[in-house]
Amino acid sequence: MSIRERLSGNEAAAIAMKQINPDVVAAFPITPSTEIPQYFSTFVANGTVDTEFVAVESEHSAMSACIGAEAAGSRAMTATSANGLSLMWEMIYIASSLRLPIVMSLVNRAVSGPLNIHNDHSDAMGVRDAGWIMLFSENNQEAYDNLIMAHRIAEHKDVQLPLMVCQDGFITSHSIENIELIEDDKVKEFVGSYKPEHYLLNRKEPIAIGPLDLQAYLFEHKVQQANAMRNAKKVIEEVAKDFEKMTGRKYSFFEEYKLEDAEIAIVCMNSTAGTTKFVVDQLRNQGIKAGLLKLRMFRPFPTEEIAKSLSHLKAVAVLDKADSLNGAGGALFEDVTSAMYVNNVHVPTVNYVYGIGGRDTTENQIKSVYDDLLEIVKTNKIDNPYRYIGLRK
Amino acid sequence: MNNLIEIRWHGRGGQGAKTASLLLADAAFNTGKYIQGFPEYGPERMGAPITAYNRISDTPITIHSNIYEPDYVVVVDDTLLETVDVTSGLKSTGGIVINTTKSADYLKKVLKGYDGNIYTIDARKVSMQALGKYFPNTPMLAAIVKVSKVMTDEELLSDMENSFKHKFAKKPEVIDGNMKALELALKEVKKI
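Chains A and B supply the protein sequences, listed in that same order.
As numbered in the numbering used here, residues -1 to 391 make up the first sequence, in order.
As numbered in the numbering used here, residues 3 to 194 make up the second sequence, in order.
Certain hints may be false.
Stretch-level coverage of chain B by chain A, calculated; a stretch enters the list once three of its residues show a Cβ under 8 Å from a Cβ in chain A [what the hints assert, rightly or not]: (1) 21 to 28; (2) 32 to 41; (3) 129 to 135.
Calculated pairs, SDA-like style, for lysine to any residue (alpha carbon to alpha carbon, straight line, at most 20 Å) [claimed, not checked]: (4) K172/B / F41/A; (5) K365/A / Y386/A; (6) K169/B / Q36/A; (7) K192/B / T102/B; (8) K16/A / F188/A; (9) K93/B / N362/A; (10) K365/A / I63/B; (11) K189/B / E157/B; (12) K189/B / R126/B; (13) K172/B / Y37/A; (14) K248/A / T64/B; (15) K365/A / T64/B; (16) K169/B / L5/A; (17) K192/B / N119/B; (18) K172/B / N44/A; (19) K169/B / E3/A; (20) K169/B / E33/A; (21) K169/B / N44/A; (22) K104/B / K192/B; (23) K192/B / T154/B; (24) K248/A / M(-1)/A; (25) K169/B / Y37/A; (26) K167/B / E3/A; (27) K365/A / E71/B.
No wet-lab data here; the hints were simulated from the structure.
Ideal placement from N, C-alpha and C gives every residue a C-beta, glycine not left out.
Just need the whole structure built from these sequences, with the hints factored in.
In structure tokens form, the structure reads like this:
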């Protein structure tokens, strides 16, 4: 029997970490993820977990400490947001290239500047090529569930990559909502213990980690990383199946909400997907065949699957909660349209940059996107595919 | 989601409007509902206007935006009435609950012709009587429960007793006062 609770997204992430009971947590506080290490440190102080909590002096050090801990052969976790992730940037790449399955809670927030503490996805999009598995979460439940699944995916011998679980800062991190928790013993059994094949503190196998890697082999090592990312898809599927057996909650690369018979659809990530579901239900009541593709697995990117899933539509809108400032469109839009193109799927597709710096994303804004899509279907015309919603006039 | 009830709180930093919204979420959760409780985070300082929200429903809530057309509005501090558009989007089928001792004529004037139900409560009087100090959030919590009927008075009282025991585990002396504040407030809230 699961445990009916009400928690904020940050509380949910901290509880997941408590149940995982990692060997090391190293973190530096930054809004809106501060509560995660804050709550976790009380579990450490109370003896609820036996984790070594390292209160570091910066996020660069937080990631460095996680790297050291994982390289030594232990399980390490951290949490951060926005500029905290920016400061980790150098070490983010080191973590993935050393194939260290660190798990991070990323509570998405706008990267400065000017200074803004509210939600968008500019922090996550800044590290999309860093070789981390990236899972996005609609609500507190998914932030919790994704963390429970994270180590099984990241530590799998065919993967061995770090993983970040994203959720929307304030919108879900600070909102109290219903959640179903899993019993401690079940989580413990599901997550299992970490048994790395190679690690620094193994006296029987002296190794070096992270030495100089020049023209001779860096290329091959990067391909190994890329292959690990490809392998992650299968592992993410397998772990989700086991998770469903335990909880009844089904996870895939993405969730198709009323998409099967839809004519128009939105593609988006995190909390906006929930608001979009609400709008889809309203439109369906009016006889409009609207649907949603909510992406959970952003890295690796499910290219063939997304293209196939969108192929029957008459028009698609991809919502980006970060502007790539490239004059061409957001990162999710580029990935989705590229996936469609290489898979020979040609559905009229437009991009909306939205919700920047915490600008509230309302049901009316989402409704206006579906209205635009209906117009595109009717006129078969797209004047400008690079658009904004919720922008001041 | 016809059963969805949306509530918007207006208060000033330090008065406990955010806490009250979280307590309401808690209490409704304990009666088996699906809930959301979240503040709108702005510059946080004592005395600055703040907004907090609740959604309460019999079915899962997926929407994640602020509330623009609430069923109910709670005003914890009546000095906000002239500076904040508290009835913005407020449904005329719902109502507004104000912590005030101001006259009905004054309230009707500052609410700019809002044609739904207007309720008032003197949360200061209730709080001073029950707690000997001015904490408006507990009386306002009872007032909005009474008005919105998201749960019965009995459910609120039994539920909050447990919550207070948990919340004030280190200050048990304030539990009785807070319970008294709830009971008084349930009786004091009046429609004008």
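Now the hints, each set against the structure:
1. 21 to 28: holds (count 3)
2. 32 to 41: holds (count 6)
3. 129 to 135: Since 0 is below three, the answer is violated.
4. K172/B / F41/A: 19 Å, holds
5. K365/A / Y386/A: 14 Å, holds
6. K169/B / Q36/A: Holds - the C-alpha atoms of Q36/A and K169/B are around 18 Å apart, at most 20 Å.
7. K192/B / T102/B: 11 Å, holds
8. K16/A / F188/A: 14 Å, holds
9. K93/B / N362/A: 17 Å, holds
10. K365/A / I63/B: 18 Å, holds
11. K189/B / E157/B: 15 Å, holds
12. K189/B / R126/B: 14 Å, holds
13. K172/B / Y37/A: 19 Å, holds
14. K248/A / T64/B: Status holds; Cα separation ~17 Å.
15. K365/A / T64/B: Holds, because 15 Å separates the two Cα atoms, which is no more than 20 Å.
16. K169/B / L5/A: Within the cut-off at roughly 15 Å; holds.
17. K192/B / N119/B: Judged against 20 Å, a Cα distance of about 10 Å means the pair holds.
18. K172/B / N44/A: 17 Å, holds
19. K169/B / E3/A: 16 Å, holds
20. K169/B / E33/A: Given pair K169/B, E33/A holds - Cα atoms ~18 Å apart, limit 20 Å.
21. K169/B / N44/A: Distance ~18 Å between K169/B and N44/A Cα, so the pair holds.
22. K104/B / K192/B: Satisfied, since the Cα-Cα distance of roughly 13 Å is no more than 20 Å.
23. K192/B / T154/B: Holds, because 17 Å separates the two Cα atoms, which is no more than 20 Å.
24. K248/A / M(-1)/A: 17 Å, holds
25. K169/B / Y37/A: 16 Å, holds
26. K167/B / E3/A: 18 Å, holds
27. K365/A / E71/B: Given pair K365/A, E71/B holds - Cα atoms ~16 Å apart, limit 20 Å.
Violation of the numbered hints given earlier is confined to hint 3; every other hint is satisfied by the structure.
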